[in-house]
Amino acid sequence: MDGASLQRGRRPGITVTNTERTLLEYLVDISENHSPLDFMLIADHIDKFFYGALLTLEVTLISLVVGGLMAIPLALARAYRQPWLNRPIWCFTYFFRGTPLLVQTYLVYYGLAQFDVVRESFLWDPVLSSPWWCALITFSLNTAAYTTEFLRGAIENTAKGEIEAAKACGMSTLRMMRRIILPSAFRRALPAYSNEVIFMLHSSVVLSTITLQDILGVGRWLNGRYYLAYEGFITAMLFYMALVFVISRVFRLWESHWLKHLRPRETVEA
Amino acid sequence: MTKNKLVALGLAGLMTLFTGTASADGHALRVGVEGAYPPFSWKEADGTLKGFDIDFALEVCKRLKKECVLVEQEWDGMIPALLAKKFDTIIASMSITEERKKKVDFTVKYYNTPAKLVAKKGAGFAGTADGLKGKRLGVQRATTHQCSAEKLYPGAEIVLYATQEEVFQDLAAGRLDAQLSDSLQAYEGFLSQDAGKGFDFLGQDIDDVECQGVGAGFAVRKEDSALRDALSKTILAIRADGTYKSMNDKYFAVDIYGN
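Protein sequences, first through last, are from chains D and F.
Quick note on the numbering used here: the first sequence kicks off at 1 and runs consecutively.
Quick note on the numbering used here: the second sequence kicks off at 271 and runs consecutively.
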């Protein structure tokens, strides 16, 4: 029978030709009845996992960019102890670093929705009613807080000699900041930032708790739909591992490029 | 002793360790319950579990002369946890469906109520596949309602939640256009409450035996057929001698046993 569909319980829809049929049937049988992991079921839904990965990357990357841009002025204000800004910024970073991201996200998503004022405000319809926006706002503020603190550390640790040299050249404070202090601080903050990026990716599983279909969300959907224990989680894990692998590779490349001057010098033996 | 034998011995030791802690000791019946599905099961502020499912579990244990150990478990991990021997049976309003029967065995039903859509009063759309096209439809993950929603309303945007309470929360907040769940639970847990003011059922009872199954039963592991039969007998006895009616009337105005 050409194009007959396999009536194998879960997958009513697979259409195969005659020659493919026996092999596919064989694989489905192994997968469903003998293998500890139903790999054919995962293969059937792998496209959903790719869409999930897109959402995970989208929210993670946008919030990293937004949070990163916010962090630069905040870190400068902290590093230079700006009288009216230092304390409030410290409070902000303390709050976001001192509480779990899950709780922060719940507060924004479920918490704010309790108030009629919020639900009737102009912010509700396009922004706060959408889980995507709620996540993006919380994640951005969260990563901004972490980035502010280690960027501040990097700025404060700028070598005195670099600053003296800049002053000796007659640079104004602004120019010195733009040309010397910030680029140097960015480079030295790079290793810490790669951790922040990977933590952000891991933290993005919070998306699945506010109904979004990120990688873990799809994994939980698969588990829920077919009452499975492992398949969804293991596939999600592999996706996260692959993403982290790529991210850490990219950072290692950047580090070897931007931090070349900080590597211990090879001494020439006499 | 060869290395292989040592490994084998070690493995055997591990196995007894695992099965030793996992098997019921004969005096206790470990029951998986949810605790987030009023009025069938919910948790009081002091941590005690209450509800129809809980009463039912305690009554069954009493009749089987076993000590009841209630084990709380998130809904979407319920069947995996049973298979991992974290408890011996699930008493958590679990519908008896073909899909679940591939993994676990069920007793006879202990109640059967239909599923229904809930939406704002005068929602302006019908509870049909066409009416729900492009609408946000909330369901609890890993339920018969997830199955029905994906099957009956392919055009709807289906939004999944960990607990039914969260579904109602987002429906009340206006993030969902409609939700699909057990009609009785929706009435008792939402529509009759303050949060459910302004909401009502939409359309008729869901007619979908393939997804919805034939009522709620207790789930047991497939190898525990003796336990399954004992539980089934107990359910029928509770129904027959009138105990069912008093438990039923404590929570519901109608008889939920179904036909």
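Do not rely on the hints blindly, as some may be mistaken.
Computed list of lysine-lysine pairs in BS3-like fashion (alpha-carbon distance at most 25 angstroms, straight line) [said to hold, decoys possible]:
1. K48(D) with K373(F)
2. K48(D) with K403(F)
3. K355(F) with K379(F)
4. K405(F) with K48(D)
5. K379(F) with K405(F)
Because the hints were derived from the structure by calculation, they are not lab data.
Given pair status - K379(F), K355(F), alpha carbons within 25 angstroms: Holds: K355(F) and K379(F) sit about 22 angstroms apart, inside 25 angstroms.
25 angstroms Cα cutoff - pair K405(F), K48(D): Given pair K405(F), K48(D) holds - Cα atoms ~20 angstroms apart, limit 25 angstroms.
Hint consistency between K379(F) and K405(F) [alpha-carbon to alpha-carbon, up to 25 angstroms]: violated (33 angstroms)
Holds or violated: K48(D) to K403(F), with C-alpha atoms at most 25 angstroms apart: Holds - the C-alpha atoms of K403(F) and K48(D) are around 21 angstroms apart, at most 25 angstroms.
Hinted pair K48(D) and K373(F), Cα distance within 25 angstroms: holds (24 angstroms)
When the structure is compared with the earlier hints, a violation turns up for hint 5 alone.
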